[in-house]
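2 protein chains.
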Amino acid sequence: MKTKTTIKDVAQKAGLTVGTVSRVINNRGYISKETQEKVYNVMRKLNYQPNEIARSLSKQVSNTIGIIMPYINHPYFSLLLDELISVATQGSYKVLLCKSNSQTELESGYIEMLLANRVAGIILCSPSVDTIKLNELRIPVITIERNNDSATAGIVCDNYQGGVLAAEHLISCGCKTLLHFGGVIGKSMPADRRAEGFAEVCEDKNIPYRIVPSRQEDGYAMDYSKFVEDILIQDPSVDGIFASNDILAANTVQYCVKNHISIPGQMKIIGFDDTPLAALCAPNLTTIQQPVKGIAQLAVQLIQKNRFENSNSALYVLPVQLIVRETTGRKGK
Amino acid sequence: MKTKTTIKDVAQKAGLTVGTVSRVINNRGYISKETQEKVYNVMRKLNYQPNEIARSLSKQVSNTIGIIMPYINHPYFSLLLDELISVATQGSYKVLLCKSNSQTELESGYIEMLLANRVAGIILCSPSVDTIKLNELRIPVITIERNNDSATAGIVCDNYQGGVLAAEHLISCGCKTLLHFGGVIGKSMPADRRAEGFAEVCEDKNIPYRIVPSRQEDGYAMDYSKFVEDILIQDPSVDGIFASNDILAANTVQYCVKNHISIPGQMKIIGFDDTPLAALCAPNLTTIQQPVKGIAQLAVQLIQKNRFENSNSALYVLPVQLIVRETTGRKGK
Numbered sequence: 478m479k480t481k482t483t484i485k486d487v488a489q490k491a492g493l494t495v496g497t498v499s500r501v502i503n504n505r506g507y508i509s510k511e512t513q514e515k516v517y518n519v520m521r522k523l524n525y526q527p528n529e530i531a532r533s534l535s536k537q538v539s540n541t542i543g544i545i546m547p548y549i550n551h552p553y554f555s556l557l558l559d560e561l562i563s564v565a566t567q568g569s570y571k572v573l574l575c576k577s578n579s580q581t582e583l584e585s586g587y588i589e590m591l592l593a594n595r596v597a598g599i600i601l602c603s604p605s606v607d608t609i610k611l612n613e614l615r616i617p618v619i620t621i622e623r624n625n626d627s628a629t630a631g632i633v634c635d636n637y638q639g640g641v642l643a644a645e646h647l648i649s650c651g652c653k654t655l656l657h658f659g660g661v662i663g664k665s666m667p668a669d670r671r672a673e674g675f676a677e678v679c680e681d682k683n684i685p686y687r688i689v690p691s692r693q694e695d696g697y698a699m700d701y702s703k704f705v706e707d708i709l710i711q712d713p714s715v716d717g718i719f720a721s722n723d724i725l726a727a728n729t730v731q732y733c734v735k736n737h738i739s740i741p742g743q744m745k746i747i748g749f750d751d752t753p754l755a756a757l758c759a760p761n762l763t764t765i766q767q768p769v770k771g772i773a774q775l776a777v778q779l780i781q782k783n784r785f786e787n788s789n790s791a792l793y794v795l796p797v798q799l800i801v802r803e804t805t806g807r808k809g810k
Numbered sequence: 478m479k480t481k482t483t484i485k486d487v488a489q490k491a492g493l494t495v496g497t498v499s500r501v502i503n504n505r506g507y508i509s510k511e512t513q514e515k516v517y518n519v520m521r522k523l524n525y526q527p528n529e530i531a532r533s534l535s536k537q538v539s540n541t542i543g544i545i546m547p548y549i550n551h552p553y554f555s556l557l558l559d560e561l562i563s564v565a566t567q568g569s570y571k572v573l574l575c576k577s578n579s580q581t582e583l584e585s586g587y588i589e590m591l592l593a594n595r596v597a598g599i600i601l602c603s604p605s606v607d608t609i610k611l612n613e614l615r616i617p618v619i620t621i622e623r624n625n626d627s628a629t630a631g632i633v634c635d636n637y638q639g640g641v642l643a644a645e646h647l648i649s650c651g652c653k654t655l656l657h658f659g660g661v662i663g664k665s666m667p668a669d670r671r672a673e674g675f676a677e678v679c680e681d682k683n684i685p686y687r688i689v690p691s692r693q694e695d696g697y698a699m700d701y702s703k704f705v706e707d708i709l710i711q712d713p714s715v716d717g718i719f720a721s722n723d724i725l726a727a728n729t730v731q732y733c734v735k736n737h738i739s740i741p742g743q744m745k746i747i748g749f750d751d752t753p754l755a756a757l758c759a760p761n762l763t764t765i766q767q768p769v770k771g772i773a774q775l776a777v778q779l780i781q782k783n784r785f786e787n788s789n790s791a792l793y794v795l796p797v798q799l800i801v802r803e804t805t806g807r808k809g810k
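Taken in sequence, the protein lines are chains H and U.
Under my numbering, the first residue of the first sequence carries the number 478, and numbering increases by one thereafter.
Under my numbering, the first residue of the second sequence carries the number 478, and numbering increases by one thereafter.
What the hints contain is simulated information worked out from the structure, not anything from laboratory work.
As the structure is a prediction and not an experimental result, all values here were calculated from the model.
Glycine included, every Cβ here is placed at the ideal spot set by N, Cα and C.
One thing to keep in mind: the hints can contain errors.
[Claimed, not checked] Mimicking DSSO-like on lysine-lysine, the simulated pairs with C-alpha atoms at most 30 Å apart in a straight line are:
no.	chain 1	residue 1	chain 2	residue 2
1	H	K510	H	K481
2	H	K664	U	K510
3	U	K735	H	K703
4	U	K664	H	K515
5	U	K510	U	K485
6	U	K481	U	K522
7	U	K490	U	K515
8	H	K653	U	K735
9	H	K510	U	K664
10	U	K510	H	K703
11	U	K703	H	K770
12	H	K510	H	K485
13	U	K522	H	K782
14	H	K522	H	K510
15	U	K515	H	K664
16	U	K735	H	K735
17	H	K782	U	K481
18	U	K770	U	K664
[Said to hold, decoys possible] Pairwise CB distance ranges (calculated):
no.	chain 1	residue 1	chain 2	residue 2	range
19	H	R615	U	T494	20 to 30 Å
20	H	S739	U	S665	43 to 53 Å
21	H	S739	U	Y697	48 to 58 Å
22	U	N518	H	Q778	28 to 38 Å
23	H	R615	U	Q778	34 to 44 Å
24	U	Q567	H	D707	29 to 39 Å
25	U	K653	H	N736	24 to 34 Å
Looking at chain H on its own, in the form it has when it is part of the complex:
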């Protein structure tokens, strides 16, 4: 009877040390592409598979991060997930991905599942209300754009400053009556601070403005077109709009194009997020860029740093940036 193939057999056959083979298997340290290929070839030939599950069991914690997203098929969340997985992979973490559809009971279930899988930490990208006391978990839980009263680390973008930048830019472009499509009816979230910054600038500069929260169901459907139409028909004097996400801004562009309202001549529009959608609209969108790469890097760093405790309850606020494109007047691309 053949005995089980071990890492020593692989090393011997490949003419390498056990340490080198181990580095290839664990994807740690510098390994040339040729060495990697050689080890993989021998592993296949000898039918050797390192058992990551056994390794994790002996360590009682895996090198896996759990990520809980509300949706994936949404330009902001797919942008954020793309960056999170890039950073996690660079840090030699695997990613267990969960999608909650913004349902809090699903989130709780996922958190239990991730704990049972001994993840090194959880990144929770969801504005839903707290359903379990995150600070009672014995692993780091990093929240992104989530209102939190629990003692865990949170990351948000500077939503207030985003509102300030948008209002100042619209006013500097000559707008006389402003509108902010902001927030979600009946829901409290960090993004609500965009309206505060926006309102403060308008009041400071004596510019009339309105703030109209959007409907959650339109966000789910990624279609605010009926909502935009309803509001803008009521209010034809508006000549500058700050929309709280790029999808809402794109729907506003569609309304203007359909109704022969020239952009940026008669209407100036600013979005939020700077997702790929912003650059693909015609005219393309001026928008507030979220620091998505920075958010992702910080989230993974906090998991590494807080590995043995979850006492870090700081709220990290990362800066946003105004990206000027055609919907507020720049010509060309």
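Following the hints, put chain U in place on chain H, whose structure we already have.
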């Protein structure tokens, strides 16, 4: 010294059977929300965590699916990933997500990592060339939109039929000179069959046409605007364009808007994929819808079915559908 908390302790404290607690933990069968909450509360109170890693070790295969995507921040791939994770979750699978940036050496590494983690199967959504013999793996590997010569199950949409539908629709709308932005220079992929279907209809109906492959780097950057401009300046007689993805179609809309070419009056445009972007353009995009939900369901079913062997080498071709919107003439939304 306190002994380790067991599932029996949880059941006793919750006043439920061990079977019910086990069903909650494993998320199997019907469990009311209240029962679920009760079990989770007791688990937290007793600090009980089922060890999924130990469970997987004893089974030698986990209830985890590995998904390898080339990118996530791309409307088609985020749409596909969203559906895949929904279907996997419904099937009580967890998902280990990997992003390859279309680099074949990264793909090989991920496959080894997923094998080491004893995944139940791998879903490989990448058009890259084969780098390891997928049929030698002892778990099901399901490929999506990938050219395969290996004996594994593959799923593609009916790319040929997509090309036929696009050409027939443009011709029926009155276009006289057609162009297809299709494929990627120097790369062979199932999507190339779109050009075949398109060309066949044009030749059949004696309509002049050109097929121009796009540049890989523009796809990575999600910006084909320079490419579209270069081609359309050369060829002002074109009045109907079939673009091989919605991003390319959106860039074509931008070119027309910027150059005062009316859509659909002087130019009719069809995209491919029916991502959310298609409905958010102004005018919004007529496009060929990929059966993304069907693809995701079939991929997970094939993993369940082929669990103990990987002998299923069929290629599954799922039907596409023409979605008519404003870029080929429908008015309104």
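Exercise. Check each numbered hint from earlier against the structure, then list the numbers of those it violates in ascending order.
Key: As far as the earlier hints go, 10, 21 are violated by this structure, in ascending order.
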